[in-house]
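These protein sequence lines are chains A and B, in that order. According to the numbering used here, the first sequence is numbered sequentially starting from 98. According to the numbering used here, the second sequence is numbered sequentially starting from 11.
Because the hints were derived from the structure by calculation, they are not lab data. Incorrect hints may appear among the rest.
[Said to hold, decoys possible] DSBU-like cross-link-like pairs, simulated, lysine-lysine; straight-line CA separation at most 30 Å:
# : chain 1 : residue 1 : chain 2 : residue 2
1 : B       : Lys733    : A       : Lys119
2 : B       : Lys268    : B       : Lys907
3 : A       : Lys580    : B       : Lys733
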Amino acid sequence: MKKIYSIALLLLFVLTQTACKKTLDINDADPNYVGDADPKYLLPSGITFSASKIGGDLQLVGSFWSQHYTQNNNSSQYRTLDSYNLTISSYNSTWNNLFGGGLKDLKLTMQKSEAQGLWNYYVAAEVMSAFDYHILNDFYGAVPIKSGLDYDNNPQPTYDDSKEANLQIIAMLNDAISKVPQAAALPAMGNEDFLFTGDMDNWRQFAKSLKLKILMRDFAANTAQIQALLQEDDLLETDAKMDVFVDSENKSNPLYEQDRRKLNTAANMRASNTLLKFLLANNDPRVAAFYEKTVESQTAGSTWPVYSGIEQGNYALTQTATRSSRAIVLPTDAVYFMSAAEVSFLKAEAFARLGNAGSAKSNYDNGVTLAFERWNSANLPLNAAPFIAPGGRYAFVAGSVESMVEQIIQQKWVAATRSQAWDSFFDQNRTGYPRVSTVATTDAAYVPGRYTVSVTSVIAAGQLPRRLLFPKSSSDYNPNAPKVVPITEKMYWHK
Amino acid sequence: MKKVLSSLFLLLLLCTSVIAQDRTVTGTIKGKDDGVPLPGVSVRVKGTSSGTQTGANGQYSIRVSGAAPVLVFTYVGYTSQEVSVGSRSVVNVSLAADATQLGEVVVTALGLSRQEKTIGYAASTVKAEEVTAARNSNVMTGLQGKVAGVNISNAGAPGASTKVVIRGVSSFSGGNNPLYVIDGVPSNNTTMNNAFTGSTESQFSRSVDFGNQGNDFNPEDVESVTVLKGASATALYGSRAAHGVIMITTKRAKQNQKLNVTYTGSANFSNVLRVPQTQNVFGQGWPFFDLMENGSWGPKLDGVEREWGTEVDGVSQKKPFAYVKNNIRDFYESGYDVQNAITLSGGGENNSLFFSYSNATQDGVVPTDADHFSRNNFSLRGTSTYGKFKADYSLNYIRRDMKAVFAGQGTSDGGATLYQELIQIPVDIPISGFKDYNAVYNNIDNYFTPYADNPYYTINENGTRLQDDRVFGKLELSYEVLKNTRLIGRLGGDFNNTKIQDHGAVVRYTPGSFSDINGKAPVVGRYGENFRKDGQIDVNLLMQGDYKLNDDIRLGGVAGFNYNQRRYDLLNSYLSGLSIPNWYSLQNKSTSEPISESILNLRRLMAVYGNIDFGFRDYWFVNVSLRNDWSSTLPQNNRSYFYWGANTALVLTDMFKDWQSENLNYLKVRAAWGQTGNDAAPYRIGTSFIPSRPPLGFGDIYAPLNGVPALTESNNKGNNNLKPEITTEWELGLDSRFLNNRIGLDVSYYNRKTKDQIIRASVAPEAGYTTQTLNIGNIQNKGIEARLTLVPVKTDNFQWDLATTFTKNESEVLKLYGDAQELLIENAYSVDYVARVGAPLGIFRVPKIRRVEEGEHAGKIIVGTNGYEAIDPNGKEDYGTSNPDFVLGFNNSFRYKNFSLSAVIDWRKGGQFYSYTKQLNAFVGNTMQTTYNDRQPFVVPNSVKAVVVNGVTTYVENNIPIPTTSMYSYWYGNTNQARYRDYVLDRDFVKLRELVFTYSVPKTFTSKLKLSSVDLSLIGRNLLMFTPKSNTFVDPEGTNYGNDIASEFGEFAAGPTMRSIGASIRVGF
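So that you can see chain A by itself, here it is in the shape it has in the complex (with noise of 0.2 Å):
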């Protein structure tokens, strides 16, 4: 009797102690995944998750908040968007993925390629999380930088505010253009880079571009630096885009794979009266670029107009869908952070406010010809000499620094379509051009091209949405984030 029981707890001894840990010690690390990865699998991942949610949401609100697209009156995704009745429970998927998908990922790639020597990753992540940051921070007005993405240390880290935040990322932006000589020396990333394919001069004039973008949103206090950064004329001349979508399931452009792929209908994202009115006004062809003709007009005998659009916001009316014209949004298109096109607007801007009207006028010209030919085809042959020629609808006119901006910016919120919609968005912000309409697209006294406040708008009558609230997902559970602010409100670099 004790015999058996000693062996029992003998055995059971032996069996605890030994073989267990053996047994046990299966589930320390996940055997589906890996547990550690290089930068090289880690910055493309970084740049998709920038892409996905900044071509995906924010094109989006973009496009909506800078009256390219307006919700179709006989469906109802947008329709909160577009009647400005957003809640700190919107679009927080934008803020999760940013920080907990592109910008740790990118973080992770500058730390393992510090600790590896491979500064060419260290700068394209660097550089990307600038101006993943500089959206949120235009987005949002304030932005965890210095404590953020430290979770081990800080996991409730605390808020910079815009201008700190712009400080920050200045900062970063300097720090990527000092190593790229160190980068520029090592053999050149492959396809991982999306943007650039390793080409470190591009990412280094990306980098020059994002600061002269964020120095212009003071322009009276940075006026030298900015003066410098145009002196010495290193910025992008191409595009810093994302363009390796295809028409395929999951590998498309993001906002098409969501608007047109994933919607069990795609038929929310109509033409805005306030762009749709501004183009044919001026016959530029790039309507054809921006809309679908109207199925209405395409049946035989029909009078209806081949591009009709929708008042911004005005969902409620009661017309078929045929007869306004759908957005056009391509698998293949490509997600844009910066373009060529763009920085010329932002030199001619520069320009425009530092007096020089001529070197405005050149820039402007050559943003609006890029803009043209972003969008030129064997299908849709584009040519924008005729209206950039004098007398033409776009030609340049010299005058007080207020109308060349103007000029400047009517024209960069047209290029921003389809693209950058979120730029056209900062820069009404920044700059109050387009101006707003009193009167609707319709009044006869309507002048083309003018903002016009959402027709079901929930807000203040005659205030324009400013930014987005502070996500629900950050203030639930970070005691730092700041109090909501809410959605008219301007930040201090807008007019």
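Got chain A sorted already, so can you dock chain B onto it with the hints?
Frame of chain A, contents of chain B only:
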């Protein structure tokens, strides 16, 4: 007293020795119902201490003395009988099964039986007859309304999952279902839903419920089901028993039993229980009459015959512009379910064998066989006894085939889903007219609206099926190493292979057709395959002893070792975008490649445990159980954890014999305290790098792009400091019987705290992760559960039994983690279902309506410029909880001679749920609510509007009317967020779950047919359901969110539940 004690002692020792007697009486004791000899029946001479027991063949022999000896026959689960011997020397007795004696013997942890009275915690046992009364196709549905403290609901469709929640939901993230244990062996209970079809879509897209494995068992195999509720009761099962244990004891053959054959068959017809009730005033339009609208926002119905639908070759169809009665109801057809079960059992001197086969086939109410379920069960069980050696073994094979209808929302690749399309038909258009979905006016090109699809198309062309092969069984060997001490080895295994396929048809519109012109989105088509292999091995080695130390003290104990391994392998692949229509294969590639993943999930657990049973005299009992687990899923330092439980029972009526009277037959008090520990899911310690798949507003982007692979660090931060989750519970209880057992009352009060649950808790994303695996929270569930049994009438021929179960559970989230006050459990649109500190687990949050804070208008609603209620962008407000106030179950049974009638009624009071069905009905203008004010302009009652003068906001009475043409926008949440609260409905219901009328053919007649028994029954299930006025839409128990906490949220265009009527026959040969 001493005499009594010694007689008890003798009984306990199962003593066969007798004291000097005058003569010997012999006889055979059989069961009244089946005529099977009963071994182990206690036979006692009344008024003496002499007693014996029947042998294996049911025979006994006892010596009696005196002039009028009376024999008392008692047997667990049967009514005791007293028989005057008279001058007879042979006394044969048939004992009748006693339903009121529920729980005389309960099966406790590890499959050990104990007498009910020795147990210090609440354990409810339900016998086979009750489980199978209404011939439900699964065991747990047969328990509905019959056990206090347990909520059981079924999702509705054929074969759909059954949710069993014991003493309230207490886990944030799932795992609220109990552990199912079959004859002492834990069994798999995976729920197969659309998480398995490989869709990364959320639960509300193309959702499917293929049921949980706890539904697999053949009810006819069940001898009894015992529900162990508290932590003290379940401590021995360790980690997985934190939410209770369902112990299923199967039927076995007895030794020396002649061959016994039974057949049970049933056939039922079913129809749909509840369809949404629609308004009958306004017809098609949005907001003006329009032939292609999918809503009823149009003009008043006038009955005038007009053209409708699409024009084909210049010709339209005609119909009256009038309300179609029973429109949705008429879409559904009659379903059926048929079950057959046959059992064979018999035993020899050393061996006994039981074999059963059953099949269950069910076709639901959706037209076609798109919702279909069939199951075949084979079971073989046996025992062998050779002296001190015993073997007990079983082998079961289950084959399950299912087809299911997608619920929830459609997807762009898989096409539309049925229930959503059914709702989007104006109230004046007859749905059944679309049945021929290829007819020219009904086909994909010409269906009347471009905004929805023909519901008949979806059920005929899109679908999903499951095939599951499952084998489980056990081998238990035991040897009596010493007197009263057995060494037991038990090996259990449970293995299944599942294959799920799903397909969605390619839809391409003819150029120039109505659908094409109106920009209807084509469907690219989809095919998916999913293979899953589950395996569980469970080994127990235990030593069990039972000793009588002296006249007063009995001591029993168990010491054991447990090894458990669970593993699943998953291979999933789907192709979104098919090249060739109607060819469902992963090879049918167009521009897309199949997306595949394979997952291995393996975990192990080791444990040592001990259990001590102490009995003092026959009235005081103490049980202590201890267990230490080593789990592979926890970090090495916290891998080992110990927990224990103790309970005690005191039978007062045995302790103070003079308390016992005709008025008070039995009184027991009990108290228990216990803990159970729980481990994590596997692979939660580290943080992995996973393929990069940024989620979009809808859909995702998948790496690699342009051939470039990309890895991202998981958004979930692992945790190397995880510790086990611990549930601590205490309970007090009372079990009593009065007035000759005519009244019985069993009450428990419990208080349970679940601490340190391991979940992926949300953290601030700006720190780099959206979640971290954390030990969080402290949730309290306390409540009362009671069972009251009454026998209001009892005569020789007639008896009325009434049993009422009462369940009241109150939960409260005491703590989450860090500063977090709220944790999102589930949401749809702007309705959130959250856990919040200080509130019950699971409250609803809806967009907050702005109200005037102070001044003369304080409390009034503020409207926006459009006259709609303005929404506070900064947060949401509470709008109810999913928790019921209480649940009552009524079981009535009436017996008159050979007839019996039983009814089970369930009443759930209180609580809310989210209904997308209502939301969609509101969107299309079909709800009654949308006819408010006859759709004439109105001003939101009791509201004000803001006026800003010189930057100062004041409020004046609102005078902005909602125009008739905006009613559609006012009543829909997406355009008027204030209305989301309308879609949170009251969850209350009263259901007549079962109504069974049985006729037992008299033995005199059956014996002529050489049958031992024949029972004929008429069966009704879910015949009636009553819900509050707010819910005229769905059965509040129907859900497509599975069978865990998410299902408490509600439904998202879930399928309907069913009512059924049928008959059954049970024949014993």
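Structure-based check of each hint:
1. B/Lys733 x A/Lys119: holds, 20 Å
2. B/Lys268 x B/Lys907: holds, 28 Å
3. A/Lys580 x B/Lys733: Violated: A/Lys580 and B/Lys733 sit about 35 Å apart, past 30 Å.
Violated hints amount to a single one, hint 3; each of the other numbered hints is respected by the structure.
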